[in-house]
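Residue numbers (this note's numbering), protein chains in the order written: chain E, 1 to 399; chain R, 400 to 531; chain P, 532 to 771.
Just so you know, the hints here were simulated from the structure itself, not pulled from any lab data. Treat the hints loosely; a few may be bogus.
[Unchecked claim] If the Cβ cut is set under 8 Å, some of the chain P residues that face chain E in the computed set are:
#, residue
1, 535
2, 537
3, 539
4, 570
5, 574
6, 599
7, 600
8, 601
9, 640
10, 644
11, 645
12, 646
13, 664
14, 668
15, 689
16, 703
[Said to hold, decoys possible] Chain P is faced by these chain E residues, among others (derived, beta-carbon under 8 Å):
#, residue
17, 106
18, 109
19, 110
20, 317
All values derive from a computational prediction rather than experimental measurement. For glycine and all other residues, C-beta sits at the position ideal for the given N, C-alpha and C.
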Amino acid sequence: MFMLEKAIAGSRRYWLWICGLALVIGIGLACYLHQLQNGLVITGLSRDVTWGLYIAQFTFLVGVAASAVMVVLPYYLHNFKAFARMTIFGEFLAISAVIMCMCFIFVDMGQPTRVLNVLLYPTPHSLMFWDMISLGGYLLLNAVIALVTLRAEREAVAPPRWIKPVIVLSIPWAVSIHTVTAFLYSGLPGRPLWLSAILAPRFLASAFASGPALLILLSLLTSKLTRFSPGREAIQKLAVIVTYAMVISVFFVLMEFFTAFYSGIPEHTESLRYMFVGLDGHARLAPWMWLSMILAALSLVLLLIPRYRHNEKWLALACAMVFLSLWIDKGIGLIVAGFVPSPLGAVTEYTPTLPESLISLAIWAAGSLILTVLYKVALSVREEPSLSPAPISKAEVLA
Amino acid sequence: MRDRGLIYSGLAIFLALVTFPAWHNLSAGVTAKGPNVRLPASEKQCVAPAEYMRTSHMTLLMNWRDEVVRAGGRDYTAPDGKRYVMSLTPTCLEQCHGTKAEFCDRCHNYAAVSPACWNCHLDSRPVLRSAR
Amino acid sequence: MTLSRKAFLRVTGLSFLAVAARKAAGAITGKRWAMAIDVAKCLKQDNCTKCIAACNAAHNVPSIPDRSHEVRWIWKDSFEHALQSQVDEYSPLRAAPVMVLCNHCENPPCVRVCPTQATWKRDDGIVDMDWHRCIGCRYCMAACPYGSRSFNWMDPRPYIHDPDPAFPTRTKGVVEKCTFCPERLAVGRPPACVEACPEKALVFGNLSDPQSPIRELLAARRHVRRKPELGTGPDIFYMV
Numbered sequence: 001m002f003m004l005e006k007a008i009a010g011s012r013r014y015w016l017w018i019c020g021l022a023l024v025i026g027i028g029l030a031c032y033l034h035q036l037q038n039g040l041v042i043t044g045l046s047r048d049v050t051w052g053l054y055i056a057q058f059t060f061l062v063g064v065a066a067s068a069v070m071v072v073l074p075y076y077l078h079n080f081k082a083f084a085r086m087t088i089f090g091e092f093l094a095i096s097a098v099i100m101c102m103c104f105i106f107v108d109m110g111q112p113t114r115v116l117n118v119l120l121y122p123t124p125h126s127l128m129f130w131d132m133i134s135l136g137g138y139l140l141l142n143a144v145i146a147l148v149t150l151r152a153e154r155e156a157v158a159p160p161r162w163i164k165p166v167i168v169l170s171i172p173w174a175v176s177i178h179t180v181t182a183f184l185y186s187g188l189p190g191r192p193l194w195l196s197a198i199l200a201p202r203f204l205a206s207a208f209a210s211g212p213a214l215l216i217l218l219s220l221l222t223s224k225l226t227r228f229s230p231g232r233e234a235i236q237k238l239a240v241i242v243t244y245a246m247v248i249s250v251f252f253v254l255m256e257f258f259t260a261f262y263s264g265i266p267e268h269t270e271s272l273r274y275m276f277v278g279l280d281g282h283a284r285l286a287p288w289m290w291l292s293m294i295l296a297a298l299s300l301v302l303l304l305i306p307r308y309r310h311n312e313k314w315l316a317l318a319c320a321m322v323f324l325s326l327w328i329d330k331g332i333g334l335i336v337a338g339f340v341p342s343p344l345g346a347v348t349e350y351t352p353t354l355p356e357s358l359i360s361l362a363i364w365a366a367g368s369l370i371l372t373v374l375y376k377v378a379l380s381v382r383e384e385p386s387l388s389p390a391p392i393s394k395a396e397v398l399a
Numbered sequence: 400m401r402d403r404g405l406i407y408s409g410l411a412i413f414l415a416l417v418t419f420p421a422w423h424n425l426s427a428g429v430t431a432k433g434p435n436v437r438l439p440a441s442e443k444q445c446v447a448p449a450e451y452m453r454t455s456h457m458t459l460l461m462n463w464r465d466e467v468v469r470a471g472g473r474d475y476t477a478p479d480g481k482r483y484v485m486s487l488t489p490t491c492l493e494q495c496h497g498t499k500a501e502f503c504d505r506c507h508n509y510a511a512v513s514p515a516c517w518n519c520h521l522d523s524r525p526v527l528r529s530a531r
Numbered sequence: 532m533t534l535s536r537k538a539f540l541r542v543t544g545l546s547f548l549a550v551a552a553r554k555a556a557g558a559i560t561g562k563r564w565a566m567a568i569d570v571a572k573c574l575k576q577d578n579c580t581k582c583i584a585a586c587n588a589a590h591n592v593p594s595i596p597d598r599s600h601e602v603r604w605i606w607k608d609s610f611e612h613a614l615q616s617q618v619d620e621y622s623p624l625r626a627a628p629v630m631v632l633c634n635h636c637e638n639p640p641c642v643r644v645c646p647t648q649a650t651w652k653r654d655d656g657i658v659d660m661d662w663h664r665c666i667g668c669r670y671c672m673a674a675c676p677y678g679s680r681s682f683n684w685m686d687p688r689p690y691i692h693d694p695d696p697a698f699p700t701r702t703k704g705v706v707e708k709c710t711f712c713p714e715r716l717a718v719g720r721p722p723a724c725v726e727a728c729p730e731k732a733l734v735f736g737n738l739s740d741p742q743s744p745i746r747e748l749l750a751a752r753r754h755v756r757r758k759p760e761l762g763t764g765p766d767i768f769y770m771v
């Protein structure tokens, strides 16, 4: 039913990749058992900086998961045919990203065996409750949509009519998962760096830049490794989306700078100063943040100039820079800097430990494994000559 | 049958493995005797009837927990009218049942259960003093 | 039996009055526990940490040498750090140590964000902790504007030197903080820190009772709270 048998037939290179991922996962699993035994003391977290690498990865990956909407929306609502062969890869990326998010939350918990308490004692006034609901729902939505549409494609029939409203639902739902995640931070009165109305728009803009950037990279990779390509037009359109989203994302960051530094209010400026020049002599984050800014600027140069954007090699470089820049900004900078200075004015720095990094790497590997398996299934379906005809159009979906 | 030797020896090993629990227990002298619980010397009546406690003491403890922690309660009146303070170590252990090893562990070890309560709740004073 | 409109209105009106009266009556007899800290009295004894010692002993709070993993229920910090918005560079009290603990806010952000209600605000005003339910997500720690909460990064037991079996320890992976000693209040005793202070610098009482000593103290003395502009409504008052 899930066509998973397609993922077992593969080349030597494919199996080497799978085994490599399994090895990384195994090492991370051993580190996690160490964490279960000894507690979160094995991480670099502290009384002042209580969220670090794990939650930052979760925050970044929710954005990647939400970005599937950037492919689904043009295709299903506006009949943008060029994305016909891309949507399944966006949806599978979303599934992989959401599973990674859930894993990162799980490994961050002090009492993971009690995770079901969130559902046993539902708490509507807590954003974390809604985050669990929205992430779970999004996973289910994408799994159903991807499965149903891929199965239909394999059997050369139009997907059932009921899938259309489900697909349409996934569009606002995608926006909601990242908005809810932003609300986790932007409603806290004690954390001035996060207490900003623009945080949710910032999250969405950076999501719609980093997610499609990754999707472009994955498309270019699959076209190198297999016979399949989603098509030049689709990739170029995604590149335009990444460009707009990155411009808006950088603009939003600059807005934060203006409000903080023009008003001069210490609460607003301290965390930003820590991020870029350091506070009280502590400046461990600064090189990272400057790298993020430089990468953002360079990527925009490449993306805004058509000659580079149209060239797939330069585009790949630009997308990698976008992804890395936003990963540093959201996945390292924003979360950690929110805790500096502490409510009592202390500056405590944070560096992830080796076990913490290995666990995080293992979750990325697990996500990559899920992505590999799902993409293999989709590509195998596409590559079957007799069973996969022309892509299904919106009219056929509605019929 | 060429592989007779292999098959018979394989079968023998399999039978040995599958009957391991039986002959290991026999040789180690383990019996099916139940847990040897040491009942308190002074008190004869628990906070609830013994039969109920045997089957449902966790239910009672969970009710006590919710009363004390979430509802701010403190006093419990047993079916026989006696009043107790709802508290694991000071009431259950120090007032009657002694130490965890003497009472709770006897049945728990036999039944191979390890409730998480003891990650936080402490054993009674004599045990703590000797551990120091 | 059909109710005439006049009768219906009369019954409804009386019901509303009854509810309102009961609410008003409850407001007078209800509780709102709070604490007033006399900063000057606290300074009278140099390096006094009796309240901290009493709290830590009564609640099996571990003493962890690594500052980044410390567990603190009540501790000392400088006036400048604790009450940033209330001091300037010319204030004489700037460097003075003040006691810092959970403020048991009227509008606590930590309660708002807890996904399992492992921390909640009781009817008597105490923001309590349920260590059976806490999943260790540390969202409450991110939400607290005062840094009042600590997490058990590892098993605290090796760091508890003289455990008191009358109170449980906690286990690794849960958040803890000052709970205003509800187990002592239940037997009519004041919180451990209040009882231990040799200068009686910590005054604990019921804000809902206009005749209570804390209310009289607050009416007579100038006092400040930590970050009042955030709307949390902290119930620890520093008398300056």
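When the least beta-carbon distance from residue 645 of chain P to chain E is tested against 8 Å, hint result = At 6 Å from the nearest chain E Cβ, residue 645 of chain P passes the 8 Å test, so the hint holds.
Does residue 109 of chain E pass the interface check with chain P, least Cβ-Cβ distance below 8 Å?
-> holds (5 Å)
Does the interface hint hold: is residue 599 of chain P within less than 8 Å of chain E, judged Cβ to Cβ?
-> Holds. Min distance 3 Å.
Restraint outcome when residue 668 of chain P is required to lie within 8 Å of chain E by C-beta distance = holds (6 Å)
Close enough to count: is the Cβ of residue 537 of chain P nearer than 8 Å to one in chain E?
-> violated (41 Å)
With a cut-off of 8 Å, does the beta carbon of residue 664 of chain P approach a beta carbon of chain E closely enough for the hint to hold?
-> holds (6 Å)
Against chain E, run the beta carbon of residue 600 of chain P and see if the smallest gap drops under 8 Å.
-> holds (6 Å)
Quick one, is the residue 646 of chain P hint okay against chain E at 8 Å, beta carbons?
-> holds (4 Å)
Per-residue hint verdict: residue 317 of chain E, partner chain P, C-beta under 8 Å | Violated. Min distance 36 Å.
Restraint check, 8 Å cut-off on beta carbons, for residue 110 of chain E near chain P | Because about 2 Å separates residue 110 of chain E from the closest Cβ in chain P, which is inside the 8 Å limit, the hint holds.
Restraint check, 8 Å cut-off on beta carbons, for residue 539 of chain P near chain E | Given a least distance of 35 Å, the restraint on residue 539 of chain P is violated.
Residue hint residue 570 of chain P, partner chain E, criterion CB-CB below 8 Å | violated (16 Å)
The structure fails hints 1, 2, 3, 4, 5, 15, 17 and 20 (numbered hints given earlier, in ascending order).
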